[in-house]
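Asker: Chains as they are written, first to last, in our numbering: chain L, 127 to 420; chain D, 127 to 420.
In case anyone wonders, no lab produced these hints; they're calculated from the structure.
Errors might be hidden in some of the hints.
Since the list can't tell identical chains apart, any single copy or any two copies may satisfy a pair.
Here are the simulated SDA-like pairs of lysine to any residue, each with C-alpha atoms no more than 25 Å apart in a straight line [what the hints assert, rightly or not]: (1) LYS217 x SER252; (2) LYS374 x THR238; (3) LYS217 x ARG398; (4) LYS217 x ALA182; (5) LYS374 x ALA309; (6) LYS374 x THR247.
Computed from a predicted structure; not experimentally measured.
There are 2 protein chains.
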Amino acid sequence: MSLFHGLSAFPITPSDDAGIVDTDNLGQLVARVCDAKVDSVGLLGSTGTYAYLTRAQRQRAVAAASEIVGDTPLIVGVGALRTDDVIDLAKDAQASGADALLLAPVSYTPLTQEEALTHYTAVAASTDLPICIYNNPGTTHFNFGLPLLQQLAAVPNIAAVKMPLPAGDLGEDLAQLRASLPADFAIGYSGDWGCGDALLTGADTWYSVLGGILPKQAMALTRAAQAGDADATSAQNAALEPLWALFKEHGSLRVAYAIAHHLNLTTALPPRPILPLGSEVEARVVAALGALEV
Amino acid sequence: MSLFHGLSAFPITPSDDAGIVDTDNLGQLVARVCDAKVDSVGLLGSTGTYAYLTRAQRQRAVAAASEIVGDTPLIVGVGALRTDDVIDLAKDAQASGADALLLAPVSYTPLTQEEALTHYTAVAASTDLPICIYNNPGTTHFNFGLPLLQQLAAVPNIAAVKMPLPAGDLGEDLAQLRASLPADFAIGYSGDWGCGDALLTGADTWYSVLGGILPKQAMALTRAAQAGDADATSAQNAALEPLWALFKEHGSLRVAYAIAHHLNLTTALPPRPILPLGSEVEARVVAALGALEV
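Bound-form chain L, shown alone (with noise of 0.2 Å):
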């Protein structure tokens, strides 16, 4: 089986004003969600603000985290504007001991597909590691054409993605990307609120901001839609209802911090200008988190 199954947690990077990583603090993050058995650690995606964090603070971070995860696969995200930097991310993360990268296609100057297959193809060659393609258009604004990710599965050790939720029927999403793309490359989603019913209906993989933060629930509903049970997938879904609609009020990065605040998890803010969330908010974030039994 690929590493990219079943659920990939995202843990934030506690980091302090000017940007250093607390190791320690990111070490017991990661425990955290090893304990909870999850099927993989999704070190340094979105939630863990890699896009603010320097070279050196991430290879810390990956070093730290490797320590950490014995079995449990390290996947790495080594994204950055510029083509150079990514390849430097990726020698460093191979070094310190991830098991495999998570690439966006960061972006300012929007780019054309050709930029975006120019730049993994780059990237795959520095690397024996396999890839997952980060595909989050809420963040770096990219959209991939199914043609490009046709191309993108073809190069060798680039071996899964990362879709957000689609528009549409996810059902359909689905099928027509099992159809267009190879048998073993691994398709799974993010999108907290929508992953239990995209497992139900036969995606690979859960990136999971949840994951991250509260491993032992993301767990129960993993393993209740992998199982092919749509009652307990509903249940739980309703169960986590309250805090998806902060997820996608607020961003799940801001409630994941305030989770983290709440469970004595972490006292590191999120890095500026991004701002923790307001009182009135996180009230909200304390009574989700009551009715769950956290």
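Let chain L serve as the given structure and place chain D on it in line with the hints.
Answerer: Structure of chain D alone, referenced to chain L:
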């Protein structure tokens, strides 16, 4: 008069494959625009690929340009993802000779209006220089609400805004901004194909890619529009229409590099993953220049 007026010319920043700025070549490009008597130089704008350059390279670029500009005001882009990094860049720019700063709300995690307000006020408090708000949703994907612009315009050293061309009527857009913002707050536009008309309609400033690479042509259009000569503005716009079409289709950054290559002004390429235009599009650029007798 505010230093934010007339034609602000945005040159490319020539750099090598590793992102090292060629300061001699940059100086030549800056001298070219100053020779054309532009009203200001917009260094390290989107066209100057500021987002792709390190702090050290950005400081080298500012220092090199400030030696060349003489009395022409030097406006320097200081956008970055992290607030602390922007503050460092603002201090560097001031120390290296900038006369004003241009600040875009660069984002990865989409920012709230409050986060942008906090970001701008923190940066404004860290510098003595006047700041122009760089409202560029095509690259930052942040949209400034009018209440936010009003809050920012109340900060003493936030003195100007660079607006994108509106989807609707420019005259209405400008009238609404004038009615909402202080009388001495400078309102300018970018999007070269609409900026002659913007000046004709009474905008203070044209923030111009064309001005950075074909400054004489941009100055002629600027002066015609500022004189209220609608016929001359229209005629010059018509002559530039083939270039405007290329800007819209391929991004003005890529076209600016192609123009610079054709005129033997640089051999530098845009930073990867951005690719130079293919030969077919380059031929269209050359044809467009031929019609202008450049």
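Asker: Since the copies are identical, ignore which copy is meant and state whether LYS374 and THR247 lie within 25 Å (CA to CA) inside a copy, between copies, both or neither.
Answerer: Neither way: LYS374 and THR247 sit 33 Å apart in one copy and 27 Å across, limit 25 Å.
Asker: As a check of your reading, is LYS374 near ALA309 (CA-CA no more than 25 Å) within one copy, between copies, both or neither?
Answerer: Intra 32 Å, inter 39 Å, cutoff 25 Å: neither.
Asker: Between LYS217 and SER252, at a C-alpha cutoff of 25 Å, which is it: within one copy, between copies, both, or neither?
Answerer: within (8 Å within a copy, 37 Å between copies)
Asker: How do LYS217 and ARG398 come out at 25 Å by Cα distance, when the copy is not named: within, between, both, or neither?
Answerer: Between copies, since 18 Å is at most 25 Å while 28 Å is not.
Asker: Should LYS374 paired with THR238 be assigned to within, between, both, or neither, using CA atoms and 25 Å as the limit?
Answerer: between (28 Å within a copy, 13 Å between copies)
Asker: Could you figure out if LYS217 and ALA182 sit no more than 25 Å apart (CA to CA) within one copy, between two copies, both or neither?
Answerer: Classified as both: same-chain Cα gap 12 Å, cross-chain 23 Å, threshold 25 Å.
In this structure, the earlier hints numbered 5, 6 are contradicted, and the remaining ones agree with it.
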